[in-house]
Each structure stands twice: as structure tokens, then as C-alpha cells.
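Residue numbers (full-length UniProt numbering), protein chains in the order written: chain A, 1 to 800; chain L, 1 to 800.
The hints are simulated quantities; they were obtained by calculation from the structure and are not laboratory data.
Keep in mind it's a predicted model, so treat the numbers as computed, not measured.
Be a bit skeptical, because a hint or two may be false.
Each pair may be met inside one copy or between any two copies, as identical chains are not told apart.
[To be verified] Calculated cross-link-like contacts (lysine to aspartate or glutamate; reagent style DMTMM-like; alpha-carbon spacing at most 20 Å):
{"#": "1", "residue 1": "Lys193", "residue 2": "Glu224"}
{"#": "2", "residue 1": "Lys554", "residue 2": "Asp680"}
{"#": "3", "residue 1": "Lys554", "residue 2": "Glu723"}
{"#": "4", "residue 1": "Lys721", "residue 2": "Glu671"}
{"#": "5", "residue 1": "Lys193", "residue 2": "Asp229"}
Protein chains: 2
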Amino acid sequence: MTSPMITDPDPLSPQELHLLDAYWRAANYLSVGQIYLLDNPLLNVPLTLAHIKPRLLGHWGTTPGLNFIYVHLNRLIREQGADILYIAGPGHGGPGMVANTYLEGTYSEIYPGVSQDEVGMRRLFKQFSFPGGIPSHVAPETPGSIHEGGELGYSLAHAYGAAFDNPGLLVACVIGDGEAETGPLAGSWHGNKFLNPVTDGAVLPILHLNGYKIANPALLARLEPQELDTLLRGYGHQPYYVEGSDPADVHQQMARTLEQVWTDIQGIQRRARREWSAERPRWPMIVLRTPKGWTGPKTVDGKPTEGSWRSHQVPLANLAENPEHLRQLEAWMRSYRPEELFDQTGRLIPELAALAPSGERRMGANPHANGGGGLLTRGLELPDFRNYAVAVPHPGSVDGEATRTLGGFLRDVMKANMTRFRLFGPDETASNRLDSVYEVSGKTWEEALLPTDEHLERGGRVMEVLSEHLCEGWLEGYTLTGRHGLFSCYEAFIHIVDSMFNQHAKWLKTSSALHWRRPVPSLNILLTSHVWRQDHNGNSHQDPGFIDHVMNKKAGVVRVYLPPDANCLLSVMDHCLRSRQYVNVVVAGKQLAPQWLEMDAAVKHCAAGLGIWEWAGTSEGVEPDVVMACAGDVPTLETLAAVALLREQFPDLGIRVVNVVDLMTLQPQSEHPHGLSDLDFDSLFTRDKPIIFAYHGYPWLIHRLTYRRHGHANLHVHGYKEEGSTTTPFDMTVLNDLDRFHLATDVIDHVPRLQEIGADVKQLFQDKLTEHRRYVRETGQDIPEVLNWRWPFGSGERSG
Amino acid sequence: MTSPMITDPDPLSPQELHLLDAYWRAANYLSVGQIYLLDNPLLNVPLTLAHIKPRLLGHWGTTPGLNFIYVHLNRLIREQGADILYIAGPGHGGPGMVANTYLEGTYSEIYPGVSQDEVGMRRLFKQFSFPGGIPSHVAPETPGSIHEGGELGYSLAHAYGAAFDNPGLLVACVIGDGEAETGPLAGSWHGNKFLNPVTDGAVLPILHLNGYKIANPALLARLEPQELDTLLRGYGHQPYYVEGSDPADVHQQMARTLEQVWTDIQGIQRRARREWSAERPRWPMIVLRTPKGWTGPKTVDGKPTEGSWRSHQVPLANLAENPEHLRQLEAWMRSYRPEELFDQTGRLIPELAALAPSGERRMGANPHANGGGGLLTRGLELPDFRNYAVAVPHPGSVDGEATRTLGGFLRDVMKANMTRFRLFGPDETASNRLDSVYEVSGKTWEEALLPTDEHLERGGRVMEVLSEHLCEGWLEGYTLTGRHGLFSCYEAFIHIVDSMFNQHAKWLKTSSALHWRRPVPSLNILLTSHVWRQDHNGNSHQDPGFIDHVMNKKAGVVRVYLPPDANCLLSVMDHCLRSRQYVNVVVAGKQLAPQWLEMDAAVKHCAAGLGIWEWAGTSEGVEPDVVMACAGDVPTLETLAAVALLREQFPDLGIRVVNVVDLMTLQPQSEHPHGLSDLDFDSLFTRDKPIIFAYHGYPWLIHRLTYRRHGHANLHVHGYKEEGSTTTPFDMTVLNDLDRFHLATDVIDHVPRLQEIGADVKQLFQDKLTEHRRYVRETGQDIPEVLNWRWPFGSGERSG
């Protein structure tokens, strides 16, 4: 061992050691009880099968370690007044967090039925992993938690997200040696290079090496100690080691080490806050090496169990068939000496209860873990987004870059909320044209600075790292603790965090139903550099499927918006930044493109979620011959260009243009609160006219949303069908039949009276496509007719 | 610097240095030419705007480094006879790989139009990132590549996948300092703990620190050298450093270092292959620190460009508006002195051409990068899967565990293919009941072994690591080099690799269209521990959406199978293991469940993809009153139980049971080659009878697949709707309305004549559900009626 195992005198007096250990035994006792018992919670009578759950579920292996850490953090809180948020990376050790929050009293305050007495303890045991009860993981139902841990990999990213802009907070993050093998966790160690010791709190990683996963040794646990130490120092930390299996010894080590770690952190923060220091601190971390299933059965059926993967879940099973296992279970539970821990009513004895912190210092009651508490979840200070409007004298008369316009708004949102709004992205803030924010704050950079660097800043509020996992994880941790933010991402690469989105959406769904959980700010995702403008990067950068992925989650927690221009984007984003408990997905391009709506019209349009653009169509007040619908900026452009072609060719054709901003409006009302009634849907889309729908993403999604609508049989959707390549922007639409000529042709094919008279015009459009294909392959550019196209009608005129 | 910067005498003679540098200049010249030039490829006349592409695309920054490495690897191949596969993690440096494979001759052999003369060079330049030409990334179109690099993070995982079971191969893997920030790459360093020096090849990571990403410094490049060195040693490597900006000096360093690295690798392999050694080798790696955009413009418009993020893409832009930029470009290109490199016809001069290896030793022609060559892509030796059949005397008469049955087959597949079949999974092979494979081979483990370990083995063929990213990435690398494998994964967590699947599917789609690319074995994914049996782990483990994700990709490269029992699973898996160029997704449970089809019937059923189960229904030969369709094992069970309830209650009801194994059959023929004709579809599902469809996943998918079918208006799909919790297996189906009682009720609601007479029966089903809910909350178990349910009719009987 090259690094300190601290060897100062024992910090715990015999009496304190005894009490601390007793508290830990109480937590372990309650954990085992949750896994096994239906009744007889205090073991007042000998254990029989009647007291045992019929189905044994839960994870014992990691739990004693989680309990051990919790108990020692309690001591740090009491002795030092620390404000600590506890993140259990091995979230499947749910019994441990439940046991500890029960012991400290928060559990019963939130769930009075689970009282601190024998009746409550029986309920505590029965409910665990039981139908109608609570999950086996550290779930939203668990007080003090912002992290589920069912899908491994995100604990440390969540921890950093929680620590940003919380200078008084210490986030203790337990990382299991299983989770440590995942990519996202391996990348998360870099979080320490984004933590500012002046304005942020501290993160204390506690790498818990209990040696085994479900069925295998863990990679990090089996490294030679020297190699592990080198790795952790390479991650930028000062590691401290707490190792052993004798509780008395390990208690002393842990108490001593936490005191040292606290001193280190205080020192780092004090130095940094007193005097600007260019040196990045080496934050401390703890390696806790204890047996898996510590204090559980040493062997079961002659096989090693404590200290083995056999402790991972339920070490003693099949109790009905195996009376010896039942006897072993009873001996195990009695080894914690419950009679010394709880009084006859089932209440924790006062000497032990006194070990828990009080009030909001209890980790189960820490306001940061519950939306940041009342104070922090107040809304953002938002400037009036209308002030950033692009002037649009009439539709299509000016060009604008939607995200650049948004950047000005975000700059001032940031300025007005300098301690509770951050922008996250993988190295793309400027590429996505949001760089106005740099007028207010640079990008966080805690490593060395060079004179040639631009927009880098200690404690900057723009978080750029080439890891979508970190961007998403940090923002999740930031919003779950009550702060606000936006993650801007290339559309194709947001799939990297599909599963993180899943878990966050599930967390929001469950927590929305808990009366005691405060609503947290929505997680806002801006997808720009989208599929239609990845003509230069090609096929690998083209994928609009995240919307499909999002739409599988519960209607109550997901929102998808496709603003067609800059003013609509401003309106949508203002709405998103005010919202709570959603994942908002906004898709908007960054390229120069025609602007359609002046601000008042944009606000009205976005509030409705969709609407008829009377100025674009030719059927005001009457049923049209065809409905041309569009969702997304490029589909809107191509639709309007198709409308212009058709109006020129068929002046008396009745065209209605419907633009959709909020995809959810298409669903039945029964499926989504934003869904239109059938009556409203019919009044927009008609019941029997052809609907040519140009959609941003995979076309099937529109069918999926509308298959129960009256007009569905007449619906023809154009969208991305995986025909991407390295080419020009317009050619991307041609390759996928989303271009103006294909759309207009589809109208001719589906409006009965045009089918007869439209042959020549169809040929004309075919010729245009042929001309395009030849031109683009010769010159590498789109035909001037397309490049220079402008909406030819103004806002009020009608040509037909 | 604590680690070796080797200082032996210069290994390159002045003449060899001159030639090597000239070859590198040629590659750089061709790279710049691809980004900029339409014409005048040899600069025979002064450069004018007419020679410049109208749209400048591509990434210069990383390219000179990629070229530098390629040139030096060529030398290693020539001098040592090394067999090297080149993986360009910074795949956006496409011009570099294209330039080098052109110089060595492979490019022109594959694409004769791009010949090694002036005409060919003009084509080479024009086609790059040009409509109708080639992508800007290292794409399937690029000879010698198995890695696109558009989405960053997977280069090192691909490298290890390629090296497994290729003992003579050296995989040189260039990792950009941007990619190094991603989670998947950070986790991939652990690959060295799974590489067996006896039976596997070597991986040489080359960390290319050019300092900058698109807009920021790179984290690793800005670390203090000591901290970086510590990190890389912690990753388990022996790092060597090659650093500088003076080409002559860096050439000598690189040549010297590659010689040293080669000696190290040879030594490691020789020792390991001669004598068994318990010690895990510390494989060498290289850190190459050179300026971004090396040899490009030093400054542009007065701003530092070489050695800055400004070199990332096109350092000189807007040439039309800025004549100085055009002059600078010409000076830059002429700085490579093309007249010394190419003869007047445009051919590389012989002295330089001689520097390239020959034949299949050229990295662009390495057979490993093209499906492993003809030899390696021969099919697997497959035992007859029928030999593993579960005996099913009549439907539902026996129970079986589908994946355990599969395990026996996989064991013997492995045994017959001990150098070209591997099983991958995140710590779950035994949990997924595939552990029969351990009879043939253990799990790879190259760290320390303890006496208590089970099924761990040096060079084992089961790859377990708690990282879905590594499992997927290794298997991709393994199949792209012509070998076979299966990735078994919890269904919910396969979303972790959504984006990796995307990229692989896109790779397969594009490469399928290239005449010279050999078909590679399919990537097989087995999703078990699926949504319906995650009652114990709860909500976070419940997500069947990967199927939806897969279905967005091109029909030509994706297949999804839902075998209803063990024999069907065997038949499906045999088919998947024989197939090429697909991603096969197979969903099958691991729990004990009724078996339906004897083997001959299973083979026939799976070959058709779907079919009527006459033995289950009551309408043989006639149109039924209702079609009860099902896809997936649990939906099949619940459907048959619902059929049994209905047959009991309404003996004369005409029920047809249709089971779907191959989801693609539901799509129109125009959408997928497996799609049924409308005639066939109607003959199975009827045109007008109610169809109650019990589906494994999100119900909307079935609507999406069938919305154009005649019977679609009568289709009622039950599936997972995000109502999951910690509960019992049957309660999971109840929560989502997929249980037998809901299904049977839905039949009553949709068969007109039952609507009148079925009220009492509906009430009966309601009562059953109430009884279930009460029972499960009291006992934690499902009602015995459900637990003990057996198909009551045998195979031929009819009750109605």
C-alpha cells in the first residue's frame, strides 16, 4: 500500500464504539428483517416458517456496507455539522437506506403507518419487495434519495450534479465495485475536473470493494493494491483506505478516515475561498474494502457465503425445504442482539436514537434530496422571451437561425440566475450557436489555462465535456436537487443516453405520485444539429429516433416540441423552463432558415400546440381539397415550398396547411393530456380529405399517434427512412421523399380531380428532381431554385 | 515525466527518414486535396477558385496524426512482418485513411475508377464529402476499416473484439483525446484484463493527444504529465511517449518507440506461450502528443491555428471572399512539395511506393478488416438443434426453461467452435440460465485467481463484464472480423447500447451494398430476464422498448424474434447463428413455463414466422368469431389461459389463435422481405373479425406495423404500458391489462353476440381480478388458480 492508511490513535472511545456498532447492528437487523420476515419482527418468539415471506427477494450483499457508511456519516454530521447528501450507487441495497431512514425517524414522519414501534416494524418488514409495498431498490419512495441504482453507472454523475452550486453541501457517493466497471461510471471520475472549490460543494466518492458482483469477482477489487492506488490517483483523487472484516477495527478506521477526509475538504475549500488558487485540488476519496454480505452467514451448505458472490441476494433460501436454513436465519438475526437495540415496544433505545442527526440534517430529510427544498425550487427569474423576437414583417420574409436567437434569451436567463441555471453539452455550445451565453459566463475549466484559451473560466456555468452520459447525469443531479438547466445535443447522439432518459422518466413518474416529493424542474433537452442538416457528417449522424423512444414513456412525464422557427422556439423554451416534472424534448435547427411567425402569432400557435396557417393555404373558412401538415423546421419549409408549387400550378386547389409544434396533440385525449378531442382533430385535419404529412422523424410515429383518428386512412406521412448520406441539405430531403417535389406529387396522387389533370405537372416535378440530382453531383450544391427559394405570397394574398 | 521516453540512437538513417517523411507528406497532401480541390490535383497550374469545391467539408485537425501513425505502422509491417489492423478512433479523419489506402494501392484495386494517376487523383479529391461520393468519415466504404468513428467511444472495444482469438494479429487503435472523455472509452481500458496473451492477439492503444476538441481543450491533454502517466499505468498499461512538433525528431521517436513496443509485445506473447504465467502482462501503449492540424497553417487571420481547436475542421474557409486564404491554401499544399512525391502522371514515385507493405499485409487489404477473409467467414459447426428439444407430448403438458434448454445447445456450439464463438454478457450468464456452457469453457479472467473462484479461466470463452458497452463493442469487433457470438442481456438494460446498435446497423446497411465487403456473421442479441419477469427488481428493470428502437432501422438488416417456448427458441437461434449481416434480436424468458410445440411443429412454425395454432382454437377450417393473437412467451401463456376461460364459458365461440414469432411478418411486404402479403395476412387475421392481440412490448408497435392491413380497425393490442412495480409475475400482467381475465373480457366486449350474453362472465372475471388483488397483497403470491394453471385440452380435443 503506497497511500495512507491512517494510523492515528483510535478516535472512538470504547463507549462510542459500542454505541456506533449497536446502531449499525440495528440497521443490519432491520435490513435482514425486510428481506425475510412477515411477522415476529422483534423475534419475541422462536422463528417459524409462518413468520417468513413466501417469496424471498432483495439484495443482502451490499447492504451491511451501505449501513456502515450511513452510520459513520451520521457521526460526521453530528460532530461537524456537515450537510450531507447520501447517494447509494448500489441502489439494489434498498433495505439499508430504508432501515437507516427508519431508525433516524424520517421514514415514519413521511409514512406514519410505518411507525417506530412493533406494529410499524412489522409493516416495515412486510412491505419490502412485496406486492403493494415498496421496491427492493433505493427508489423515489425512499426518503433522502435522488438515485435509484437499478441501472448501474450514474451515481457519481448524479453526485456531481447535486454538488454544483451547493457550496455548503457534501455529497457522499457510494460506488459499488460492480458499477465501477460500467463505462458511464468510469467516465464520471472526470467530474472532479469540473468541480469548483469556491462555488460548488464537495463530492466524496466511497468506492466500496466488497469483491463480487452477481456471479463474478469485481475487476477493481481484484487489482493488486498498488495498481488500484495508481488508478485512483490517476483519476485525480487522494485515496484513503478502510479495510478489514473485524467491525471494531473497521469502525475505528472509518471514523478516523472520515475525520481526515473532512479536514482535507475543509482545507481545500478554505484555501480556495480565501485565496484564488490555480491548482486543481486533489479531492479525497475512500476505498472501503469489507466482505460482501458482511456479518451474514459465513457458510451456507458448506459453501463460503460471507465474502462471496453467494451473498449477493438472499443467502439463505428455500427455508421451507431446509429447516437448517431457518435455524441459521434465526441465529443470524439474533447475532445482532435486537433485545439490546429496541425496547419492548419496538422502539430504538434512546442512547442509540441520540446517534442520529436531527431535523433536516438527517440524510433522509435533507432538503437537497427533495427538490432542493422550498427555497431552491422557486422558479427561474425569466426575462420576457418576447424581447428576443425576430421581426417577421410577413411570413418567410426574413431568415434567422433559431438556436442563435435562443442563445440571446438563454444568456439573459443565465445572467438572472447565476447560481441555479446551467447549460450542458458535449463540446457543442458554439457549434449549436448558443454562444451568446459566453457574454455572461464561460465554460467550466479547472485544469491549466493557457493564454490562447477562449471562454474557459474557473466556475463557469457552461458545462462542456465530450460525454453525453456526463451531461445528462449532471443535469439530472442538478434538477433533482431543485436547480434548472438545458442539455443541448446533436440529435443522433442523444441515443447514447436513451437508458438514462428511461430511468429518469420512471423516477419522475413514480415521484409525481408521492405526496411528499416536491416537483423538480423539468429536464430540458434541445436537439439541434438534427437529422436533416447532417448532410455533411453523413449517415452516422442521422437519427431522429429519440422522439420515438421518449413517446414510449408515460404521457404524464414527457413532452416533445418541434418549433418551426425562432419565435416558436423562444415561446416553447420559455414554457419548458417554467415547467416541472417533465422531460421536455425540443427539436430545432441551427441553420439559417426562413422565419414564419411574428411573435404574437408564435405564442398563440405554440400555446395551441398546432394550428392552421391560414396565410399559407387557400381554403380559408371552407373544407380544403387536401391538408398539408408539417412538424419540424425542415418539413415545414418543404411543405410551404410544395404549397407554393401547387398554388402556382393549380390556382383553384383548396389547400390547408396545418403546422404541429406539440406532437402530443395528435394522440387521443385518452392517451395524453395534450391530445385533441376527435372533434377538434377532425376540424383541423378533416375526416375524409387526403392529409400529406411531412414529419421530422421516422414516419411511423405519426401513424402510431393517429391510428384511431377518423382521417387516418387518408394520412400519408413523409419522414426520415434511413436514407442518409454525405450530401447536400436539400438532397437529404430528396433521398427520403420529404422534399417539395415529392410532397407536391403526393398531393396530385391523392386529390382525385388532380389525378386526371396532373400528369404534366407530375412530370415537371420529376424533371426538377432529375435536374437536382444531376446538378448536385456535378457541383456539390443544391440547385439555385431551391437555394434561393422564398415564400412568394406574403401573408394575406391569395392566388386562387 | 516518470516513464520512458526512449533515448536510444536514432533508428532511421537520414535516407530512411527522408523517405518516411516524404510518404507522410504525400498522405497529408492527398488529405488536404480531398478537403479542398475539385481540380488541378497536382497543382500543375496556380490554384484558382475554379479548382476549389464550393462547399468545404471535412476534418483536418486529426488527419496528419492519423497519417503519421499509418506511415510508421507500414514500416513496422515491412520490417517485422507484423499483421496489423488499424482502427481510427477519430474516424472523422476520413481523408487520412483514404489517402493512405490510395497510396498503398488498395483503394484503386477496389475502386478502379480512382486510379493511381492524375485522373484518379482528381476523382479521389472530388468524391470526398461530395454528393454521390464518399463520406467524410472512415466509413464502410473505406478499405481496411471496421470502425466508423462518427459516434465516439467504441474504438478500443472494437479493437479488443478484433484481437480475441486472433493470436497473430496486432490491432493498432488510435484513440483521440476527445473520444477518451466518453464513458464507453473510459470503461474500455479494462479490456486489457480480458486479453489472453496465449490465445489472443495484441491491442496497441495509441492515445493521440492533439490537445483540442471542436471548441475546447481535451481533458487528458491538459493533465499534468505526471497525472496522465499515473492514470495510464492505473489503466494497466506501460505507456511510452512520443511528443513534439518537429517532424524529423518525432519520426525518430515514433520509429524507436514502435520498435520497443513490438519487442515488448513479442516478449509478452513469447513468455506466455512458452510457459504458463500467472502474472497479467502490462501491455505497452503509446501517447502521441503532436499539434492539432500539424503541418497546416500556423495562423489564419492572425489567430493561432496549428495546435489549436481552430484546426478541427477546415482551417481556411471562405476562399471566394478572401483571396489571401486561397494563397495560403496553395502555399500550404505546396509545402508538401508534391512534385517530389508524384511523377508527372500523378503516380507515387517508386521509392515511396516501396515503403508500403504488399498484398494482404497492406492495412487497407487486411482480410481481418473484411469479415476475416474467406477462411474465417465459413459458417459455424452447428450441432443439430433438434437434439436438444424438450419432449412435448401434447401442448402445455410439460414445463421447461427456454434459456436453460438453449444453454445446452450453446455449450455444444461452443465446443465445436472453440476459436470462433464466444458468449458475451454483463455478469448474467448463469442468472440467465445459460450456465451449461461452463461445462466447455469458463469465463475469461486474467486477474488473480482464488481457490474459491468458480468457472473462471485464463482464456475462457465466456466474456462477462458489468458493462453492456463492452459486451456490445467486443461482439461488434468480433463479428466484423468474421467470428460469431451471442450477447445475452437483461431486456431493460440493452437500451444502454441503443446508439451502438444504431451505428452497427448503419454500418451493416452500407456495407451490404458494397460488392467487395464480405458478409459478416450477424450480431445476435438474446434479451432474457425480460419485462414480464422483472416483478422482483421492479420498475427500473422493466422496459421492452429496444424492439421499437430496432424496428426504426432498415428492414434489410434487422430481425426480431419472440419464440413462445424452448423448442421455438432453439429453432430461432439456429437460424440466427447461420445468418449474415443482420442484427438478430431474440426475446425469450428464463423462467419455468409451459411448453407448447414439439420440435417438428416448432421448426415449421418458426420457419413461417407466424401461424394458426389449430390445437388451441375452436374454429378449425372456418372463420372464427375472434382472433386471439399473441407474440412473446408470457403473452402466449396469458392468451392460451384466456382461450381456456372462454372455451369453458362459451363452448360454441369460434376462436382462432395466431402466434407470432417473427414480428416482421406483420409489416406489409413492401416494407420488409418477411412481410406477409395482404392475402395471407387476411387469411390468418380475417378482414373483419375482432383481433385481440397480446404483445410482449409497447402495444403501439403492433399498430405501427399493421396500420395498413384490412383488419386494423378491429385490432386491439394489449402490451406493456409502463405500469410496472415490485410485485408478482402475474400481477405484472394485471397491472398492464395483459392478463387472461382482461384479454377474455376484451373478447366479450368485441364479439357482438357476446356483448349481450357475456355480462355475467365479465363479472366473474372482474371478481377473479379482485380476488387476485386481495390475495397478492396479503400473501405476496399469485392465486393458486393462476400458479397451478395448465392447458386443459390436450392437443386435439375440442370442447365446442
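Query - Contradicted hints - numbers only - result: Result: hint 2 breaks, nothing else.
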